[in-house]
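Asker: Listed here are the chains, written in short residue letters.
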Amino acid sequence: MGHFMLRRMLYALPALIAVSIISFLVISIPPGDFITRTAELRAAQGDIMPLAEQEAMRRAYGLDQPIPLQYWNWITGIVTRGDFGYSFAFNLPVKDVIWPRMGLTIVLSLASLLFIWAVAIPIGIYSAVRRYTVGDYVATFLGFLGLAVPNFLLALAAMYIAFAGFGLSVGGLFSPEYVEAPWSWERVVDLLGHLWLPMIVLGTAGTASVIRIIRANLIDELHKPYVTAARAKGKGEFALLMKYPVRHALNPFVSGQNDIFVDIVSGGTIVAIVMGLQTTGPLLLDALRTQDMYMAASFILMLSVLVVLGTLLSDLLLAWLDPRIRYQQG
Amino acid sequence: MQPQNLAEIRNLDIAFADVRVVEGLDLDIPAGKTLCLVGESGCGKSVTAKALLQVIDHPGRVAGGAIRFRQGTGNEIDIAATPPRSAAMRALRGADIALIHQEPMSFLSPLYTIGNQIAEALTLHRKVSKAQARQAAIAMLTEVGMPDPERRVDSYTFQLSGGQRQRAMIAMALINRPRLLIADEPTTALDVTTQANILDLMRRLQADSGMSMLFITHDLGVVAEIADEVAVMYLGRIVERGPVDEVLGHPQHPYTQGLLASMPRLDGDFNAPLQAIPGMVPPPVRKPSGCAFHPRCSRALKGICDKIEPLQIATGPDRQVACHAFGAEAARFAVPPEQPQKAGLAGASDPSRQPSGRALLEVAHLDKHFAVRAGFFQRRIGAIRAVNDVSFDIFAGETLGLVGESGCGKSTLGQTIVGLHTADGGDMTYTPRNGMPVDLRSARGAVARQLKTDIRMVFQDPTGSLNPRMRVRDIIGEVLQVNGVAKPEIEVRVQKLLARVGLSPDYAERYPHAFSGGQRQRIAIARALASNPQLVIADEAVSALDVSVQTQIINMMRELQADLGLTYLFVSHDLGVVANISDRVAVMYAGRIVEIGPTNAIFRSPRHPYTEALLAAIPGRHQRGGAGRIRLEGHVPDPAHPQPGCAFADRCRYAQHACREAPPPMAGTQEHGFACIRADELTLRAVHQERALESA
Chain A
0 MGHFMLRRML YALPALIAVS IISFLVISIP PGDFITRTAE LRAAQGDIMP
50 LAEQEAMRRA YGLDQPIPLQ YWNWITGIVT RGDFGYSFAF NLPVKDVIWP
100 RMGLTIVLSL ASLLFIWAVA IPIGIYSAVR RYTVGDYVAT FLGFLGLAVP
150 NFLLALAAMY IAFAGFGLSV GGLFSPEYVE APWSWERVVD LLGHLWLPMI
200 VLGTAGTASV IRIIRANLID ELHKPYVTAA RAKGKGEFAL LMKYPVRHAL
250 NPFVSGQNDI FVDIVSGGTI VAIVMGLQTT GPLLLDALRT QDMYMAASFI
300 LMLSVLVVLG TLLSDLLLAW LDPRIRYQQG
Chain B
0 MQPQNLAEIR NLDIAFADVR VVEGLDLDIP AGKTLCLVGE SGCGKSVTAK
50 ALLQVIDHPG RVAGGAIRFR QGTGNEIDIA ATPPRSAAMR ALRGADIALI
100 HQEPMSFLSP LYTIGNQIAE ALTLHRKVSK AQARQAAIAM LTEVGMPDPE
150 RRVDSYTFQL SGGQRQRAMI AMALINRPRL LIADEPTTAL DVTTQANILD
200 LMRRLQADSG MSMLFITHDL GVVAEIADEV AVMYLGRIVE RGPVDEVLGH
250 PQHPYTQGLL ASMPRLDGDF NAPLQAIPGM VPPPVRKPSG CAFHPRCSRA
300 LKGICDKIEP LQIATGPDRQ VACHAFGAEA ARFAVPPEQP QKAGLAGASD
350 PSRQPSGRAL LEVAHLDKHF AVRAGFFQRR IGAIRAVNDV SFDIFAGETL
400 GLVGESGCGK STLGQTIVGL HTADGGDMTY TPRNGMPVDL RSARGAVARQ
450 LKTDIRMVFQ DPTGSLNPRM RVRDIIGEVL QVNGVAKPEI EVRVQKLLAR
500 VGLSPDYAER YPHAFSGGQR QRIAIARALA SNPQLVIADE AVSALDVSVQ
550 TQIINMMREL QADLGLTYLF VSHDLGVVAN ISDRVAVMYA GRIVEIGPTN
600 AIFRSPRHPY TEALLAAIPG RHQRGGAGRI RLEGHVPDPA HPQPGCAFAD
650 RCRYAQHACR EAPPPMAGTQ EHGFACIRAD ELTLRAVHQE RALESA
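Protein chains in written order, with numbering that gives the first Met the number 0: chain A, 0 to 329; chain B, 0 to 695.
Bound conformation, chain A alone (with noise of 0.2 Å):
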């Protein structure tokens, strides 16, 4: 188990090095620069830059140093610092920026993910137990139904019955006097308050596609020989249900959760920008549209991160759950 762990840990290491070089060269390799951008703005409002001065300032944010060294300089300044370079249009390292956002973006997908499963596997359970009944219609038609509505138009038609239904306060993941507000304990509920209607919101259509495939994976197992053999010992039939099948079929589900964690990750930024979400999303997408470069590769480079670390938890839990992979690969 060990040997096992260490082993897909150490096979993370080059896919992270892959990435950080990848999502630097995304950022670089187009035309052009933030000065190049902000120059052309300057332009706009009829405030020509001189050449000279766009220069200087390029010189100033290291930008007219090959593209090699500025990756070294940006990777080694994360590695040895936890230094993620300078963001132009904030005017702030980007750590300071990225944090706080990174935070609430992993605190809203962990509870859509926790939405996914409370609600999906029960129903998925009931319906490969009770397939072909009305029961499993209707969570078929509404899981399809989940999976067919995209999630900005669930959010627009959330927030309106929210406000107009039941006057709540929707729209971004705080009150207006906690935004800014330093974390306390009013903080974390009024974030509690907010939270709920973005993560149904993006919950819906992972709930949809876990419960087609818990179904799918349930019905395969409900009629193994294992099964007969713990009714033929004279256990009941949920407690059976529970011990045998449902335990076989969250195996492929579990390797499949990192899927779906990745698809809320990145999926939710056009969620983000309807509800005023103070998470990563929005703040990618600008940093793109500026070339705010280090902001941008940064942004990239975490979300990756997490896809790469979301694979090895999902990995390690398959391993906790599976003698088969745990005594058979450690």
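Source of the hints: derived by calculation from the structure; they are not laboratory data. For each residue, glycine too, the CB sits at the ideal point set by N, CA and C. You may find that some hints are simply not true.
Below 20 Å or equal to it, Euclidean Cα-Cα: the simulated EDC-like pairs (lysine to aspartate or glutamate) are [as the list claims (entries may be wrong)]:
id	chain 1	residue 1	chain 2	residue 2
1	A	Lys223	B	Glu184
2	A	Lys242	B	Asp56
3	A	Lys242	A	Asp219
4	A	Lys223	B	Asp56
5	B	Lys32	B	Asp227
6	A	Lys242	B	Asp317
7	B	Lys32	B	Glu361
8	B	Lys32	B	Glu228
Selected chain A positions facing chain B (in silico; Cβ < 7 Å) [as the list claims (entries may be wrong)]:
id	residue
9	His222
10	Tyr225
11	Ala228
12	Tyr243
13	Pro322
14	Arg323
15	Arg325
Position chain B relative to chain A; hints supplied.
Answerer: Structure of chain B alone, referenced to chain A:
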């Protein structure tokens, strides 16, 4: 209820949706005895067993009749009238009636330790602490002969060998001391040596505990070994019932006679052609009218058998048969027809098949090793010597049987010859008729392509080896198409091949799922024959088939051989089948051939102790509990850690110090070779010409 019976099944109907798979079944299960339920697959044996526990899978259900069972308290309960989900039924399951199954790998869950699953069976019915349950599980594992039970109790199924899994499953069933054990083909998936050990164990446990056993099997050898009484089942009804000696010794129902005749025999002439029951078990929807067996019966009379359903007729004390030939119309059946002898099949005595001239395939010192990798960097730390210094010849037109327990390397050997593995050492020289010798290992290009049409393979699993998305025509014709045969010609060839293997040429347009297991194996054989091969390697080609279908395929393979001059390398763990089809037999153990010779010599005067042990394990050959029985414990040694001496020494009852020093060289004659240094001083037991099935 009769006092001598533990359970009585009366007029039982079992239906899947609207189809009755069991109809009007009457069966008594005697107390303290073993009743064997025999029949081909699709006859309703397993579903009857499940009905006793009310665990038939949806949409199956008990649709009528009664299953009266005497409980430990002396009360009678009608299981058929007890709802499947009721507490009364749950209390019965696992406590009074327990079930074991053919495939412990799927009957036990791989996600929990065997200790967990054995203890669970106990805690469901008794109030015991976790620690007590664990102790009981260990005690039970000890009782079923699990080696090192204290450690194995925490093992998962995939960490155990086949025999150990079987023991774990038996422990799980017996931990509550049930009064009835239902064993559904419990030894079918096992090696013959392991099967012998498990049968011994079950017989001992049954005798010690006095429980009743309902033992389901299709293997009449196993029946002879374990049964007190036999019930033969065909299409949901019992057709014959009686004590084991009488039913096997003097079968009355034509179905029982057919089953016995289709079984390869080890008495008399091994190569005597087998009598297959024609056709196959029809699906229950198309159950024939009258006597359900009449379309396959050689004695069926028009106007009686196809019209009137036969009743159970008592033909002696404890004997019943459901056949018109024993009823009121018996006079019309007066003369039982002579068993027609199939002529024209070449046997081993046929002089044209005696080895002569240059061998079709010469294998010399062949090695195939698989790397064992471990550790952090997956370094190569050793090799599994799956095939280790193997030498033998196959002559044109003969059948060489290859036998041995699983894990001895026989499949790897076949696959290496056909080119699925790359050999690591040695030579394989193939000399086609009227052709130049070719080295199989170095052949490239056109020569290699020619070899792929000359040497063909038939696999064990006819379901897995046929692509479900391809039509039969494309499956059979693929090898021709690859070799550039024109389309219209492929069409003609495929039609001919289908007719050749006994299938209708119309089947070319269908997909594999439309066929039964036996028909699929015919298609697989047609595919192997499509390129006019010289050598066909049949890797357990009949092992997955029912006994009567198996016989049909064997007979067909023999006819094809006689007509086309084919040469077979016939890999099988079933010694009866090998004895029947082979001219010569090679016995393999731990990657080496330990004995090779003519079939008669191997079976009648074996020279290697391993061969002796294999022969002794064939079910149905022994006086029960007879003294001096030979049983192999353990299993094939781990080929990654070869011993310096004879690999068999650890399991050999004749092993001496000298055996463990150096690998024994091949001794004996050109014709009959054996690798045992003590061969000359030992007198080994063989298969004698006694009636193999006479026992008890």
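Asker: With reference to the structure, classify each hint as holding or not holding.
Answerer: Now the hints, each set against the structure:
{"no.": "1", "hint": "Lys223(A) / Glu184(B)", "result": "17 Å, holds"}
{"no.": "2", "hint": "Lys242(A) / Asp56(B)", "result": "18 Å, holds"}
{"no.": "3", "hint": "Lys242(A) / Asp219(A)", "result": "15 Å, holds"}
{"no.": "4", "hint": "Lys223(A) / Asp56(B)", "result": "10 Å, holds"}
{"no.": "5", "hint": "Lys32(B) / Asp227(B)", "result": "6 Å, holds"}
{"no.": "6", "hint": "Lys242(A) / Asp317(B)", "result": "45 Å, violated"}
{"no.": "7", "hint": "Lys32(B) / Glu361(B)", "result": "53 Å, violated"}
{"no.": "8", "hint": "Lys32(B) / Glu228(B)", "result": "8 Å, holds"}
{"no.": "9", "hint": "His222", "result": "5 Å, holds"}
{"no.": "10", "hint": "Tyr225", "result": "5 Å, holds"}
{"no.": "11", "hint": "Ala228", "result": "5 Å, holds"}
{"no.": "12", "hint": "Tyr243", "result": "6 Å, holds"}
{"no.": "13", "hint": "Pro322", "result": "5 Å, holds"}
{"no.": "14", "hint": "Arg323", "result": "6 Å, holds"}
{"no.": "15", "hint": "Arg325", "result": "9 Å, violated"}
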